[in-house]
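There are 2 protein chains.
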Amino acid sequence: MTDTGSPSPSRRSLLGWGGAGLALGAAAAGGAAAMARTEDGTEPAGSAIAFHGPHQAGIATPVQDRLHFAAFDVTTDDRDAFVQLLKDWTAAARRMTAGHTVGEGAYGGLAEAPPDDTGEALGLKPSRLTLTIGFGPSLFEKFDLTDHRPEALADLPKFAGDNLDKNRSGGDLCVQACADDPQVAVHAVRNLARIGFGKVVIRWSQLGFGKTSSTTPEAQTPRNLMGFKDGTRNIAGTEPDRLKKFVWVDEKDGPRWMEGGSYLVARRIRMHIETWDRTSLQEQEDIFGRDKGEGAPVGKAKERDEPFLKAMKPDAHVRLAHPDTNHGATILRRGYSFTDGTDGLGRLDAGLFFLAYQRDVRKGFIPIQRSLAADALNEYIQHVGSALFAIPPGVRDQDDWWGRTLFSEEA
Amino acid sequence: MTDTGSPSPSRRSLLGWGGAGLALGAAAAGGAAAMARTEDGTEPAGSAIAFHGPHQAGIATPVQDRLHFAAFDVTTDDRDAFVQLLKDWTAAARRMTAGHTVGEGAYGGLAEAPPDDTGEALGLKPSRLTLTIGFGPSLFEKFDLTDHRPEALADLPKFAGDNLDKNRSGGDLCVQACADDPQVAVHAVRNLARIGFGKVVIRWSQLGFGKTSSTTPEAQTPRNLMGFKDGTRNIAGTEPDRLKKFVWVDEKDGPRWMEGGSYLVARRIRMHIETWDRTSLQEQEDIFGRDKGEGAPVGKAKERDEPFLKAMKPDAHVRLAHPDTNHGATILRRGYSFTDGTDGLGRLDAGLFFLAYQRDVRKGFIPIQRSLAADALNEYIQHVGSALFAIPPGVRDQDDWWGRTLFSEEA
Ligand code: HEM
Ligand code: HEM
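Quick mapping for you: the protein sequence lines, in order, are chains A and B.
Residue 340 in UniProt numbering sits at position 340 of the first sequence; the count goes up by one each step and never skips.
Residue 1 in UniProt numbering sits at position 1 of the second sequence; the count goes up by one each step and never skips.
Hints are not guaranteed to be accurate.
Since the list gives no way to pick out one identical chain from another, each pair is judged satisfied if it fits inside one copy or across any two copies.
Claimed, not checked - Below, a list of computed lysine to any residue pairs in the SDA-like style, where the Cα atoms sit at most 20 angstroms apart:
(1) Lys244 with Arg94
(2) Lys166 with Gly346
(3) Lys166 with Asp343
(4) Lys363 with Pro323
(5) Lys302 with Gly123
(6) Lys166 with Asp349
(7) Lys158 with Asp400
(8) Lys166 with Asp340
(9) Lys87 with Gly103
(10) Lys244 with Arg333
(11) Lys199 with Gly344
(12) Lys199 with Asp343
(13) Lys363 with Asp155
(14) Lys199 with Ile273
(15) Lys252 with Glu283
(16) Lys199 with Trp276
(17) Lys199 with Arg278
(18) Lys310 with Gly341
(19) Lys313 with Glu112
(20) Lys313 with Pro323
Note that these hints are calculated values from the structure, not bench results.
Nothing here was measured: the structure is a model prediction, and the numbers come from that model.
Model the full structure from these sequences, guided by the hints.
Put into structure tokens, the structure is as follows:
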């Protein structure tokens, strides 16, 4: 007889397991506060980002390296069960963003039960994990919420060139997980999905491997898969005035439950990489209205120089996307590059998973994307997925939970 | 009239572009030699790994964080054209692994031509990029090479439980790109595919986001998506005797062109994550024969303690995979976790992209995998992709090229 059936190895293993969780917890407790800041004002890659605050983290937060984005459909019509799920998710998100396991080691302390946490992030740093929840238009059809749907969460029209795949679009809920370590982001989404078993199911998910925007102006601007610096003229996390003006819903906007929140448009944009790669440097630069090496606007020397739109071709991307062309419309971009293997024709299924935050979709993504109908870039890209979410305000403290303002008050 | 048509902005931009390449080159020149080593003897994440040597890098090299693996089919039957491609690939790989762009900035210095390099890795560090080429069994059917196919590159039998998808299996060639930054790995595969246009086409590709083996015993052992430490008992890059014995083809083995090479088995192994997550801790630990927290073998206290196989259940994975159960069969594992979104049923398409290097497939993967027919783990996994490659020896110097020993000599 072997000794595997005896209690001792499992207890020891249980201790090992719980012990690792505790060690992690201790490291995380020091977290954001104790760790030194890096030169560009961002947290070091391993540290924890505060979960509580007036706004959800993951929007104005300096962009982390990796993304796992998941859209969920609600499968229960029991409102109480759904509210309980939001509370359970909040508790788990609070722990995971601090670098803890979900729950305290093995479930109920019993080797006979599945562990609370799936374990693959044990021993990894908090990695600046942020978890950001959103509510899709279809959620408001459920649970008698139609009156609460914000007007600023306006349905997107069909745009020129859209070729949307239903299986990569929509969703009652979303969770955006960003972290410097992909295993930490994947672990978080997986554990939320697991907690939601029987109440929600993942509709689609997207991994992003390279940020394409930095929301810290001091950092080196990352490059997208077309090889251009992306995110140069973005709203920075360090610009409270512009965040207030263009990103955060305020008390005048209504509905009240959205105060401190924002709206998110997600678009899966496939790039025709192979065609792009056969385009001349001159044409590539004309298309964006910026040069490839430095990222400077046409006729200017430096990346951060003010673009002179009239020097650009009329169909240049930057010219058409610029606020001056769109009555001031301005969004916060937070997209990621993706590569999901190859399609049936041996072409890389790669592109930009575009994420834009704004105070009102009607004054942000919609007018800009309409203007981009004339974009020279359209020959090389195609929008293949689309989703829209109301991003509720932040979780204020230990007793608060995701969506409380919508689900527990008469807003 | 705008000034975009005039030569000056494009020349300036060309300089900017070339300049960035030079800066990178300079950083890389210091590379592996100049940069300090880290505590565990591995290169720092940003540095360059030597491309030249008796063996290809990417096998005994300490495992980098990310993977982009691509299998190609050859579409030309012009042998000279194919040999030229191998030379062009070698030149590009030599530059990219050192942190340079492909070519010297813009193609021929002309803004009218597409740039040599697609650009998205500009400004990024070499990131310990390694590029490892392999030749699949089907390549030997082409170009009159049937006589040169090594016996040790034995066709894999159909194993119990295999559910292989042709679109994720096979390939005439492979390139394994490993780097600490996924954008660097993706950039490398994309640029090789681009150089191969008209001669080879990508058959399938796989992104791996988290290493599941470390080949440096001092480093913290990474965890796979089942939450267990993976790679504890592996061959380390620091064990020349075991590498010689189990990994590198030597002069006695034949064929001569393979001396210094190895053989690679790649298996895409899907995990039934949702079922696994509902399994008790005790059962999970029984299945592997190790505990989840520490990774110690059953009945032992520490991860590195010698496993006592008889203490494990007869169908425990470690017991069945251990050399003692398989007449000494030993492989070098170098796999990565993957998550490729969700399947039609809302389940994560996630698992282990298993990579095993060995001196002879008949004495490595095949007997171990046969033994694993009885593995308790099989209830939770399924092999859905399979491929096999002869990994030729390393590129010795500036004049040498990938595959020279096969294509230019009477071996
Ligand atoms: C694959 C698709 C896209 C690519 C490759 C791309 C790339 C770029 C690049 C390289 C820049 C210049 C650098 C910068 O300021 O960030 C830029 C700017 C910008 N893009 Fe895009 N973009 C894409 C899609 C979109 C979409 C769908 C929108 C919104 C509907 C958008 C809105 C903007 C805005 C607002 C700017 C800044 C314009 C300015 O103020 O100068 N982009 N984009
Ligand atoms: C999803 C599939 C698999 C998972 C999750 C998995 C996981 C593990 C784990 C956790 C260990 C113990 C730690 C260690 O020594 O690395 C291990 C050991 C091992 N596995 Fe796997 N494995 C998988 C598939 C395979 C396959 C297909 C093979 C080869 C055919 C294999 C061969 C081995 C070997 C040789 C050992 C070391 C045994 C020893 O010497 O103690 N594994 N595996």
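Among the hints numbered above, which are violated by the structure, and what are their numbers in rising order? Hints 1, 7, 15, 18 contradicted; others consistent.
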